[in-house]
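Undergrad: Going line by line, the protein sequences match chains A and B. All residue numbers for the first sequence refer to the numbering used here, where the first residue is 1 and numbers rise by one. All residue numbers for the second sequence refer to the numbering used here, where the first residue is 1 and numbers rise by one.
Calculated directly from the structure, the hints in this document are not laboratory data. Being a predicted model, the structure only gives us computed values, none of them experimental. Ideal Cβ placement from N, Cα and C applies to all residues, glycine included. Don't take every hint at face value.
[Said to hold, decoys possible] Label pairs and their calculated CB-CB ranges:
#1 K185/B x H23/A: 32 to 38 Å
#2 L270/B x L235/A: 48 to 54 Å
#3 K19/A x A152/B: 50 to 56 Å
#4 G166/A x L270/B: 34 to 40 Å
#5 S218/B x K19/A: 57 to 63 Å
#6 L60/A x L144/B: 55 to 61 Å
#7 G126/B x S135/A: 46 to 52 Å
#8 A152/B x E128/A: 30 to 36 Å
#9 I208/B x G139/A: 51 to 57 Å
#10 K132/A x E105/B: 49 to 55 Å
#11 E198/A x P276/B: 24 to 30 Å
[Stated by the list, open to error] Facing chain B, a subset of chain A residues (Cβ under 7 Å, in silico):
#12 S75
#13 M77
#14 F89
#15 I92
#16 R96
#17 G101
#18 K103
#19 R121
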Amino acid sequence: MLKIENLDVFYGQAQVAFKISLHIKRGHFVGLFGRNGSGKSSVFRSIMGLKPPRVEGRILFNDTDITAKPSFTISKMGIGWVPEDRKIFPNITIKRNLQLGEKSNKALKSDRLFSYADAYRFFPKLYEMRDKLGSQMSGGEQQMLTIARTMMGNPSLLLLDEPTEGLAPNIARDVMKMILEIRKNFNTTTIVVEQFSETLLKHMDYCYVMEMGEIIFTGEPRLLLDDEGLQRRLLGVG
Amino acid sequence: MLTLSLFLNGIVLGLVYAAVALGFSLVLGVSGVINFAHSITFTFGAYFFWAMYKHVGYLPAMLLAPAAVAVIGFFVERLVIRRVYGQDPLFGLLITLGFAMGMEELIRMVFGPATHNVDAPSFANGVIIFGNFLYSQYRLFIALVAAIMVAAVWLFTEKSRYGTVVKAGMFNSEMVGALGHDLYKMRIWILVLGSFIAGLAGILAAPIWSVKSGMGSSILMPSFLIVLMGGLGSIPGTLVAGLMVGITLSMGVLVAPRFVDIMPYILMGLIVYFWPRGLMGQQNIIE
Ligand SMILES: Nc1ncnc2c1ncn2[C@@H]1O[C@H](COP(=O)(O)OP(=O)(O)OP(=O)(O)O)[C@@H](O)[C@H]1O
Ligand SMILES: [Mg+2]
Numbered sequence: 001m002l003k004i005e006n007l008d009v010f011y012g013q014a015q016v017a018f019k020i021s022l023h024i025k026r027g028h029f030v031g032l033f034g035r036n037g038s039g040k041s042s043v044f045r046s047i048m049g050l051k052p053p054r055v056e057g058r059i060l061f062n063d064t065d066i067t068a069k070p071s072f073t074i075s076k077m078g079i080g081w082v083p084e085d086r087k088i089f090p091n092i093t094i095k096r097n098l099q100l101g102e103k104s105n106k107a108l109k110s111d112r113l114f115s116y117a118d119a120y121r122f123f124p125k126l127y128e129m130r131d132k133l134g135s136q137m138s139g140g141e142q143q144m145l146t147i148a149r150t151m152m153g154n155p156s157l158l159l160l161d162e163p164t165e166g167l168a169p170n171i172a173r174d175v176m177k178m179i180l181e182i183r184k185n186f187n188t189t190t191i192v193v194e195q196f197s198e199t200l201l202k203h204m205d206y207c208y209v210m211e212m213g214e215i216i217f218t219g220e221p222r223l224l225l226d227d228e229g230l231q232r233r234l235l236g237v238g
Numbered sequence: 001m002l003t004l005s006l007f008l009n010g011i012v013l014g015l016v017y018a019a020v021a022l023g024f025s026l027v028l029g030v031s032g033v034i035n036f037a038h039s040i041t042f043t044f045g046a047y048f049f050w051a052m053y054k055h056v057g058y059l060p061a062m063l064l065a066p067a068a069v070a071v072i073g074f075f076v077e078r079l080v081i082r083r084v085y086g087q088d089p090l091f092g093l094l095i096t097l098g099f100a101m102g103m104e105e106l107i108r109m110v111f112g113p114a115t116h117n118v119d120a121p122s123f124a125n126g127v128i129i130f131g132n133f134l135y136s137q138y139r140l141f142i143a144l145v146a147a148i149m150v151a152a153v154w155l156f157t158e159k160s161r162y163g164t165v166v167k168a169g170m171f172n173s174e175m176v177g178a179l180g181h182d183l184y185k186m187r188i189w190i191l192v193l194g195s196f197i198a199g200l201a202g203i204l205a206a207p208i209w210s211v212k213s214g215m216g217s218s219i220l221m222p223s224f225l226i227v228l229m230g231g232l233g234s235i236p237g238t239l240v241a242g243l244m245v246g247i248t249l250s251m252g253v254l255v256a257p258r259f260v261d262i263m264p265y266i267l268m269g270l271i272v273y274f275w276p277r278g279l280m281g282q283q284n285i286i287e
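Looking at chain B on its own, in the form it has when it is part of the complex (with noise of 0.2 Å):
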């Protein structure tokens, strides 16, 4: 039982984790830019979501909050990201990275170091039996969010006309600008759709891991290493890459609790020895 609880939770947490990662391999792929500061997004949405859920409701919060994200996603590409576009993939990793401290540092100062907790909504606050299974109804909940997220993404990419585009602009970004189709204008959105979803990430983690300043930090490498196990750009690529970190990290204290942390990084290893290009990539991250 408490193996497959694990094993459940390793899902929860893959699921968590292939959303937020998804907004990374986007940007990645559509803007060339290692965005770093993608980590704040999902501190954010967490802050966002405790300031205002007792006041608004949980549900309006759940949409508001991660709305509140993609317009400092927006910001952030307008005053930041633009910067680096067609230079070093380094300097845009740097300036973001030091854009996402100076950012965790602002919201300590804001919202104070102390850690806040957030309450379950009423709706799935209880267990769910399965014979003499107990489940935590709120993870179910975790889980049936962040695939809804990952499915429309993956339907968004693979159905709609626009999809096409971010699709072919992942492939080369400056085939798809010369065939008349705004790069620029593609950059943003894709960045704001990003911060939405680790946005609502967030929200769907703080009542499990609470709401601090270095929550985005404790996300930053677990979905980098995705994106590369992954595929740049690919959605399943990253959706299994993100499920086998998570239940590495939810089961590998089954087998080695001490070791566990290092563990993605040896599966992260692995699969980029043998798929230079991850697991379901068509181009290396920096081809």
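One chain only, chain A, in its complex shape (with noise of 0.2 Å):
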């Protein structure tokens, strides 16, 4: 579904990521992990044909080469993005902070479309809070928001940027939660990044691992979950 072959990233003359090779299947839950700074972000700008950064090399998604195209058309051939840092919309209504990321275009194929109704029962909290202004909720709140918005343009291909960075445990456990049961119910392809996450990498049919830019372990979820040394390296507590 995705191929990512030789992907150079750059800002300005800086190189921040190396000859990325990544290759996603329809369907699979796979994770992308690495420590601050490793470049994981980067990278899902440079699918989404964000500037910055400038890329080289070729993104292919549903064998359609969709390298630096721009972000509005990349979306709307079925890539979701939920950004770190939340990014809602603080000026407008929760309602239409969700109306934001309905598609225009009706050439969804899916069977099961995410609809407000699926929105506010996976995430109750936007349904009490709907008619308030973005700026009024908390990061937890802001994370389901930004899931949902996004969700609410049925991509194929789901992006999820640290979904749980900053967030309480108890209410990083509930994203993580929610991610796992919108995955159930749609089978949307989705990639995470996260630094690491063990509860979300048993769930995951692939995973990989990026350092100073350059992908440093490829494989399934086990390899990972039995490499104790690269774990402590992920968290940076080895």
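Using the hints, build the complex out of the two chains.
TA: Listed below in structure tokens is the structure:
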């Protein structure tokens, strides 16, 4: 479904990712782990066609070359991005935040579409708060809103950038539960970026680890689950 | 009575400023460009109107002239403004200012350096009498049309679906694009809309200020100040700031006639000192 071939990523003159290759199969749940600054978010930004950075190499989505296409085109083709730091719109209501996630092109093929009812069912808090402004939300609520907002566009590939970053452990657990729940219901192909998450890893089909802009590990989750040394390195305690 | 007249004049002036500043603010919000070429849309509106209103009639000209200005806005976006998207805001400011100065020269070449007069329309050519107070019907007409424009833009952003995209785009255009909305198209539409409104404002002002090539420059600074004072992208903020500037300029003559011109700047300095994001802004203009 998504194939990245020899991707180099640059901010100005500085290269931050080197010859990245990822191969994501339809329906899979994939992890992209790595410590701060290893280049995970830059890979997501590159997939979404956002500037900066500038990229070299090739990104294929369903066999179409999408490298450096405008982000709205990439989004319309079916890639949904939930950025780090949440990025809700604080100046409009929660309902309208969700509305912004809807796509105008109704060429969506899936038989089970994510609707407002789903957003409110998965995240009851959003229903309670639907007429409040985005600025009135807590961090956890904002995270739920960004996920629901992106799901409103019914992406066939979902990119989640550090969905539990900065959340209290119990809220982080809720968010992870929702991610797994949504996946169970919609079977959306999903890539999750985290520094490391054992909870999510246990449900994954495949995972990658980045360090200093390079992929240093590729393989089945159990290989990473067994490799405690690498885990410690990812969490910065080794 | 003089005080009341000046106060009302201030409101009328403020509404015209607010209408011009709205386009400025929306473009800055969704495109990140400080568009100093906005001033020429005001001038073009007045000139086009002057050139056609005797032939096609007052009200038709009030629609046709801004429509022509909107077309100019479209080409300005294509030829000039789109080149500076995503670049240092200073580039945009310089290139649009240069463009505006060039266009002002062009207007002088084509229409001549002389000042032209435009008559107020016959349906609003008299005075309104309240007891022993007289006020110009035409100024009330200006206030009405300008207020309708501001209200229409407000309704558009608050109530319409596309208005929501615009509002969100002012806050974070990258995110709006990544959700599948075509930013490039939105930027063009907003520029066209802003040009139409400023063109119409130029027409409204024409019978009072008369038509001259420098009329755009004289409204540029007040509207820029209003954007800073009101807060980027906030329509209520722009309206309040517009009225404050209008009333200050108009009533200032009662207090210190020699210092009127500098008063809006002092006002702006005070407001931005206490509210760095403007009265109702959610973001600083360069954030
Ligand atoms: N806009 C930018 N301009 C210049 N350099 C940048 C920019 N964004 C990121 N970088 C650099 O690129 C490198 C990779 O950053 P990136 O944000 O992709 O890492 P990350 O793995 O997502 O880290 P984190 O876990 O902190 O989110 C870092 O060295 C960072 O300093
Ligand atoms: Mg990151």
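Undergrad: Does each hint hold? Answer for all of them.
TA: Hints and how they fare:
Hint check: K185/B to H23/A, Cβ distance near 34 Å, so the stated range 32 to 38 Å holds. The hinted range of 48 to 54 Å is satisfied by L270/B and L235/A, whose Cβ atoms lie roughly 51 Å apart. With their beta carbons about 54 Å apart, K19/A and A152/B fall inside the hinted range of 50 to 56 Å. Against the hinted window of 34 to 40 Å, the Cβ-Cβ separation of G166/A and L270/B comes to about 37 Å, which satisfies the hint.
Look at S218/B against K19/A: about 58 Å separates their beta carbons, and that is inside 57 to 63 Å. Between L60/A and L144/B the beta carbon distance is about 58 Å. The supplied range of 55 to 61 Å therefore holds. Separated by about 49 Å at the C-beta atoms, G126/B and S135/A satisfy the suggested range of 46 to 52 Å. Separation of A152/B from E128/A is about 33 Å and conforms to the stated range, judged on CB atoms against 30 to 36 Å.
Distance hint check for I208/B and G139/A: the Cβ-Cβ separation is about 53 Å, which falls inside the suggested range of 51 to 57 Å. The given range of 49 to 55 Å is respected by K132/A and E105/B, whose C-beta atoms sit roughly 52 Å from each other. A beta carbon spacing of about 44 Å between E198/A and P276/B contradicts the range 24 to 30 Å that was offered as a hint. Interface restraint check for S75/A: the shortest CB-CB distance to chain B comes to about 4 Å, inside 7 Å, so the restraint holds.
The restraint placing M77/A at the interface with chain B is violated, with a minimum CB-CB distance near 9 Å, outside the 7 Å limit. Nearest Cβ of chain B to the Cβ of F89/A: about 4 Å, under the 7 Å cut. The hint holds. Checking I92/A against chain B: minimum C-beta separation of about 6 Å stays under 7 Å; hint holds. Evaluation of the R96/A hint against chain B yields a held restraint, the C-beta minimum of about 5 Å falling below 7 Å.
The closest approach between the C-beta of G101/A and any C-beta of chain B is roughly 6 Å, which is under the 7 Å cut-off, so the hint is satisfied. Below 7 Å, beta-carbon pairs count as interface contacts, and K103/A has one with chain B at about 5 Å; its hint therefore holds. A least Cβ separation of about 21 Å between R121/A and chain B goes past the 7 Å threshold, and the interface hint is therefore violated.
Hint check: violations occur at hints 11, 13, 19; the rest are consistent with the structure.
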